[in-house]
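Chemist: Assemble chains B, C and D with the ligands onto chain A, guided by the hints.
Protein chains in written order, with the working numbering: chain A, 1 to 116; chain B, 1 to 116; chain C, 1 to 150; chain D, 1 to 150.
It is worth saying that the hints were derived from the structure and are not from the lab.
Just so you know, not all the hints are guaranteed correct.
Stated by the list, open to error - Lysine-lysine pairs mimicking DSBU-like chemistry, simulated, CA-CA at most 30 Å apart:
| id | chain 1 | residue 1 | chain 2 | residue 2 |
| --- | --- | --- | --- | --- |
| 1 | C | LYS33 | C | LYS71 |
| 2 | D | LYS105 | B | LYS5 |
| 3 | A | LYS53 | A | LYS5 |
| 4 | A | LYS4 | A | LYS88 |
| 5 | B | LYS71 | D | LYS105 |
| 6 | B | LYS56 | D | LYS65 |
| 7 | C | LYS105 | A | LYS5 |
| 8 | B | LYS4 | B | LYS53 |
| 9 | A | LYS88 | A | LYS5 |
| 10 | B | LYS90 | B | LYS71 |
| 11 | C | LYS33 | B | LYS56 |
| 12 | B | LYS56 | A | LYS5 |
| 13 | D | LYS71 | C | LYS65 |
| 14 | D | LYS33 | A | LYS56 |
| 15 | B | LYS56 | B | LYS4 |
| 16 | B | LYS88 | D | LYS33 |
| 17 | B | LYS53 | C | LYS33 |
| 18 | B | LYS88 | A | LYS5 |
| 19 | D | LYS33 | D | LYS71 |
| 20 | C | LYS105 | A | LYS88 |
| 21 | B | LYS71 | B | LYS10 |
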Amino acid sequence: MNDKKFTIQKEVMADEVIVYLSGELDLSAATEMREDLEPFVNQTNRALTLNLKDLKYIDSTGIGIIVSILKTRTAAGAAFGVEDIPAKIKRLFDITGITQYLRPSNGSAERKEDIV
Amino acid sequence: MNDKKFTIQKEVMADEVIVYLSGELDLSAATEMREDLEPFVNQTNRALTLNLKDLKYIDSTGIGIIVSILKTRTAAGAAFGVEDIPAKIKRLFDITGITQYLRPSNGSAERKEDIV
Amino acid sequence: MNLQESQFVSVRVPAEAEFVDIVRLTLYGIASKWGFSYEEIEDMKVAVAEACNNAVLHAYEGMEKGFVEVKFEMNDGGIRITVKDEGSSFDYAHKEAKAESLHNKDLSEINAGGLGIFMMQALMDDVEVHTNAGTEVILTKFLQRNEELA
Amino acid sequence: MNLQESQFVSVRVPAEAEFVDIVRLTLYGIASKWGFSYEEIEDMKVAVAEACNNAVLHAYEGMEKGFVEVKFEMNDGGIRITVKDEGSSFDYAHKEAKAESLHNKDLSEINAGGLGIFMMQALMDDVEVHTNAGTEVILTKFLQRNEELA
Ligand SMILES: Nc1ncnc2c1ncn2[C@@H]1O[C@H](COP(=O)(O)OP(=O)(O)O)[C@@H](O)[C@H]1O
Ligand SMILES: Nc1ncnc2c1ncn2[C@@H]1O[C@H](COP(=O)(O)OP(=O)(O)O)[C@@H](O)[C@H]1O
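Excised from the complex, chain A in its bound form (with noise of 0.2 Å):
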């Protein structure tokens, strides 16, 4: 099976990792998803943001692996956010009420401040 529809990349620093998703996050995707991150879920002196920019799609699937990231995040007590999240994701977000639990996190803030 080639052609990747699902990529993760990601931005290592000293107090925060950055993973960017694109394409189509769906159930093929998910183990894959799972797997990589669990490093940095379980990682809690690091931030973890998830950047939305290029992720074309996504259903409860994914909800479902954010959502559980966000419970084992709050349980630890650690920073977690997701950013530029795209409209049509946001929809979704907003639909199914998980909207009120994300916002960027402290991390991603501070990185913010310090490039304007």
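Modeler: Below, chains B, C and D with the ligands alone, put in the same frame as chain A:
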């Protein structure tokens, strides 16, 4: 049925008509193309040029239409040419053997000299 | 409109995660041909994928993986999409009663699953489920017509 | 490779010109998933469309329009695409003997039709036609593997 997948645009000049085909020229587009071009195919006082720059797909249906235009124009002694043929369309013209009959029309050659 | 009503397109894929995108692609082709907007198509893509995901994940548990068949029918009112598997049945009325969003919930109460049926209902105009032999999910989206055409 | 061999995807559309693009779209999804190159996919698109066009134009002449069903199967060697209609049969051996390109012909000898079977043969690695009940065209394209994978 919405979503135009094939479009025809015409540039009508004193002694030449350039017909720009774009999108997918398949069986579902054949009748429209035949009817739309018929008056120009029959006008022997003007050179007729098909510009294929934006053509994304053709099969034996479209090649058949071009062959039939070619025969009508040749029988009437009227200028006919095909220009800007994308590589993937050219490959099908070569395979079927229609390439040998296709050259930019006189009209189009003069037009190009004018511009350069 | 008799002709239109009897026309349908169907696509059949193995009940495996990597084939669900083929169903989305076919849906895209059909729905744009039939005049749905980009936003409507995106909604339908997710709803149909939720039904396919359920067939992939739940229908053939503990038995040999079968197929998912998706049928697209257009009639005057809209598109009717039937997602069918030949797996084990389940109590839809019970699951539907539990289908809800995460609104008004505390983070500690929510879990990562159980959004599929809710999403189908939120994204389509009508959802019907038959669980006689395997599962048949019937998703309907009405076609919004322009004023001029009405 | 047993699992792979038994896997197939199929799509069924009305035998009408405006549905042939749905078959091309499904082919694109499947063939790119199964590792074919852009050029190979373009060739297959045309070959499959030729078979579908014939079903649309010739199979149901003088009777009620039926369906075209296209089945995609992957095995170790390549992809096997079966295009099937339930229309009237025809003498394939006779038509195949006449299938040829326009090379070495004078313009006055050529006519606008009759290129379909020739194109399928030129664009695929193998073409087989059964005309027992309706027509079944079986198109095969071998998968070119990288050196490293061989
Ligand atoms: N096609 C199906 N075959 C068998 N069981 C199903 C099917 N679709 C749904 N179900 C059952 O309904 C439950 C709820 O489905 P859903 O709301 O999509 O959430 P989730 O799939 O995340 O559990 C599933 O967990 C499963 O038990
Ligand atoms: N599916 C089919 N059902 C019935 N007849 C067919 C079918 N496919 C091909 N034929 C016959 O074979 C002939 C040759 O087909 P082809 O080479 O594709 O050229 P064309 O379609 O332009 O005539 C057709 O004219 C038709 O008589």
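Chemist: Within a Cα-Cα threshold of 30 Å, do LYS33/D and LYS56/A meet the stated pairing?
Modeler: Distance of about 18 Å is within 30 Å: holds.
Chemist: Under the criterion that the straight-line Cα-Cα distance not exceed 30 Å, is the pair LYS4/A, LYS88/A satisfied?
Modeler: holds (22 Å)
Chemist: Compare the distance between the alpha carbons of LYS88/A and LYS5/A with 30 Å, and conclude whether the hinted pair is satisfied.
Modeler: Roughly 18 Å between the alpha carbons, so the hint for LYS88/A and LYS5/A holds.
Chemist: Between LYS88/B and LYS5/A, is the straight-line Cα distance small enough, at 30 Å or below?
Modeler: Within the cut-off at roughly 25 Å; holds.
Chemist: Next pair to validate is LYS53/A with LYS5/A; report whether the Cα-Cα distance is within 30 Å.
Modeler: OK: LYS53/A and LYS5/A at ~15 Å, within 30 Å.
Chemist: Take the C-alpha atoms of LYS56/B and LYS5/A, compute the straight-line distance between them, and say whether it is at most 30 Å.
Modeler: With a Cα-Cα distance of about 23 Å, the restraint between LYS56/B and LYS5/A holds, given a limit of 30 Å.
Chemist: Is the Cα-Cα distance between LYS33/D and LYS71/D 30 Å or less?
Modeler: Holds - the C-alpha atoms of LYS71/D and LYS33/D are around 15 Å apart, at most 30 Å.
Chemist: Given the hinted pair LYS56/B and LYS4/B, is their alpha-carbon gap at most 30 Å?
Modeler: holds (13 Å)
Chemist: Is the Cα-Cα distance between LYS71/B and LYS105/D 30 Å or less?
Modeler: holds (13 Å)
Chemist: Would you check the hint for LYS105/D and LYS5/B, treating anything up to 30 Å between C-alpha atoms as holding?
Modeler: violated (33 Å)
Chemist: Can the restraint linking LYS90/B and LYS71/B be considered satisfied, given a maximum Cα separation of 30 Å?
Modeler: holds (19 Å)
Chemist: Would the pair LYS53/B and LYS33/C pass a check requiring their Cα atoms to be no farther apart than 30 Å?
Modeler: Within the cut-off at roughly 25 Å; holds.
Going down the numbered hints, you'll see the structure goes against 2 and 7, while the others check out.
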